[in-house]
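Going down the list, the protein sequences come from chains C, B and D.
If you're matching positions, the first sequence starts at 8 in our numbering and goes up one per residue.
If you're matching positions, the second sequence starts at 8 in our numbering and goes up one per residue.
If you're matching positions, the third sequence starts at 8 in our numbering and goes up one per residue.
Just to be clear, a hint being listed does not mean it is correct.
Here are the simulated DSS-like pairs of lysine-lysine, each with C-alpha atoms no more than 30 Å apart in a straight line [unchecked claim]:
{"no.": "1", "chain 1": "B", "residue 1": "LYS141", "chain 2": "C", "residue 2": "LYS257"}
{"no.": "2", "chain 1": "D", "residue 1": "LYS216", "chain 2": "C", "residue 2": "LYS141"}
{"no.": "3", "chain 1": "C", "residue 1": "LYS257", "chain 2": "B", "residue 2": "LYS49"}
{"no.": "4", "chain 1": "D", "residue 1": "LYS141", "chain 2": "B", "residue 2": "LYS257"}
{"no.": "5", "chain 1": "D", "residue 1": "LYS141", "chain 2": "B", "residue 2": "LYS115"}
{"no.": "6", "chain 1": "D", "residue 1": "LYS171", "chain 2": "D", "residue 2": "LYS141"}
Not close to chain B: a few residues of chain C, all C-beta gaps over 10 Å, as computed [said to hold, decoys possible]:
{"no.": "7", "residue": "ARG86"}
{"no.": "8", "residue": "LYS216"}
{"no.": "9", "residue": "ARG234"}
FYI, nobody ran anything at the bench for these hints, they're computed from the structure.
Ideal placement from N, C-alpha and C gives every residue a C-beta, glycine not left out.
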Amino acid sequence: MSAIITLTTDFGLCDAYVAEMKGVILGINPDARFVDICHTIKPQNITQAAFVLHTAYRFFPERTIHIVVVDPGVGSPRRAVLLRTPFADFIAPDNGILSYIIQEVAEKPVTGSTMKLKPGATAISLTKSKYWCKRVSATFHGRDIFAPVAAHLSLGRPPEDFGKQINTLVTMPLLYPHKTQNGMTGHIVHIDNFGNLITNVGEQDLPKKREGIAISVGGKRIHGLSRTYHDGAGLLSLIGSHGYLEISLKNGSAAGFLGVGTGDQVRITLQTGGGQ
Amino acid sequence: MSAIITLTTDFGLCDAYVAEMKGVILGINPDARFVDICHTIKPQNITQAAFVLHTAYRFFPERTIHIVVVDPGVGSPRRAVLLRTPFADFIAPDNGILSYIIQEVAEKPVTGSTMKLKPGATAISLTKSKYWCKRVSATFHGRDIFAPVAAHLSLGRPPEDFGKQINTLVTMPLLYPHKTQNGMTGHIVHIDNFGNLITNVGEQDLPKKREGIAISVGGKRIHGLSRTYHDGAGLLSLIGSHGYLEISLKNGSAAGFLGVGTGDQVRITLQTGGGQ
Amino acid sequence: MSAIITLTTDFGLCDAYVAEMKGVILGINPDARFVDICHTIKPQNITQAAFVLHTAYRFFPERTIHIVVVDPGVGSPRRAVLLRTPFADFIAPDNGILSYIIQEVAEKPVTGSTMKLKPGATAISLTKSKYWCKRVSATFHGRDIFAPVAAHLSLGRPPEDFGKQINTLVTMPLLYPHKTQNGMTGHIVHIDNFGNLITNVGEQDLPKKREGIAISVGGKRIHGLSRTYHDGAGLLSLIGSHGYLEISLKNGSAAGFLGVGTGDQVRITLQTGGGQ
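Work out the full structure: start from the sequences and follow the hints.
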């Protein structure tokens, strides 16, 4: 079966780690096809990987299999999991990297140890070693567990074969902005290749009427939203191609100009009345 | 149909932008196959992208579809175009990025607003939104317009279906060296991974007899052409694997040694008589 | 035939060189499929490429074709070779880059100019130009010789068609650690994306009983082996996912912390008795 398997890792571009995973998969399903989503996630940066995966996966065809390996706890008792949703399959360490996906398929926001998934979604703890590589290293489960499980899954094997169903998954806090008296506070969750600052403030978090909106970040204040990167001059803000509020510098890098990074705060004020 | 689609962008390697384009294409043509030409074009460097694409595309099979997204004007009235040539298809913003290709398929050099293409070549303005993604962002036409158009094209849909034929395309000046009294002046158009300086001086721009040739760049002067990178010692010049004059430093980086960059001048003198 | 072809080069990620090789291959075998092993081998670093290839190739299916292009001698009389082993095929310059593979398929360790391969293994000098690109550049045999040969090989053509069998191949010295009075001395052969130091000391080079083992590197001394990257604190050593002794820094880069690089020494002492 000519299944599509994507890979998102923090393995970088200098090693053969990604290639070894592909080799293992092709040994099980010779017709598997790969799309690399990103391999330059900052080492062990679960938050960044979670965001990148969540913005990208929805553009893939239904039933694409997404492997995510940012796995600082490899070899520890952290679980390896398969999350099936009505749209796609995700194979990852259970360390919060699937937080956005989990929230999308949960009946209500997951908090603490309770999780109820919508119909068609299921979570499996990968425990059946018969679907792993024969020799499992203590340090590279991406190749020795996740890859072969993805390959067998791509051949049509049902999720339940890989282990037992589980009722909780680790989620990260702070995926969403929180409201303030006159607006909200969000965070920078990603800085792209152009130096654009991508925040966790979604288009739907903002009011329909945005006349008085102002964004404060890195000691600067931006008034109003632009439509494209070349509207206006200097610093500007806009709704980016994934539906999130972005800060951009025309013909330059907003990240470099402002000296900010992922995790830094972005304050949004919504003034519908007078005053600035 | 198992079409080949290449991608050349300035998206870098840290984001999911390229993967999203591939996801969109696979959703329309599940059998499409990808070759990444280059994603580390310097942000918004149309000249570099034009050169890299033009040196690479001829090594692909006939009817390969090449998508190029270096698109500083995205969201502005700049056109999105499809250029069909007798050999391949190109989908790109109309910002000069296809200049080399256009000159190759034009009846005579394109200047200003007149362009007459050779038989079998046609240029289309991409205006039929029924072949685009349902929701088109203002900032990422690579994913929302170019990718789905490439996918539909790869399924055999004729170019005319995507919009109306156009008679002009934007071209960049200065693709070629200009003659001087005793030779010519060219420019560095690309610096490769080894620090080799690749110029816009083609093999065919040089005379057959090259005994007295000298190349001046970055304050240094090189006499004669070598055949390979390991002939001679120190700085050397040769005709590179794409047929262009290159300057190389044996066991080192010519770019680093000379402190020059793309856009810098290279002077070639052709002395058939005496003198130095 | 849907053959798998891998590529390992020092071409970096800024040029179209890799893409051109793929284009040439697809022009001969439209069904070939690619896996990139690594393109960021340090320019002309044959040792690094040899190690990366050798750790990765065994995870690919049987009869995968591996092209390796780290080729400082391109255009010189160095040979281009095809090494067929019972498991896979390798196409590379004959400059030592296949050393690990050669030792694996040699009847006994190769020294100097004598080499006897095991049954099922054969080495061919690529001399039949009818399987090359029509126009062969002096500087890019990866595209003009290795790629088309790999493509024809992937279509089922036997190795002997590409040139005549040869009885020697270039090998590098010092692939393995050497014994000392109370242990052994190895070298760092690779530094991965996380800053882990990978040595040429294999699991099988160490005794089964490792109670008193100590590793000295960069002026520091590590006692005992850990099982995973998160056991213990600070500097630790373990057997990595390829079966080699590795030095790692918990939540950091061992390479950065110790200020060491590839080629640097690692001393292992095996104390089974008293003393420290």
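Hint check, failures only | 9
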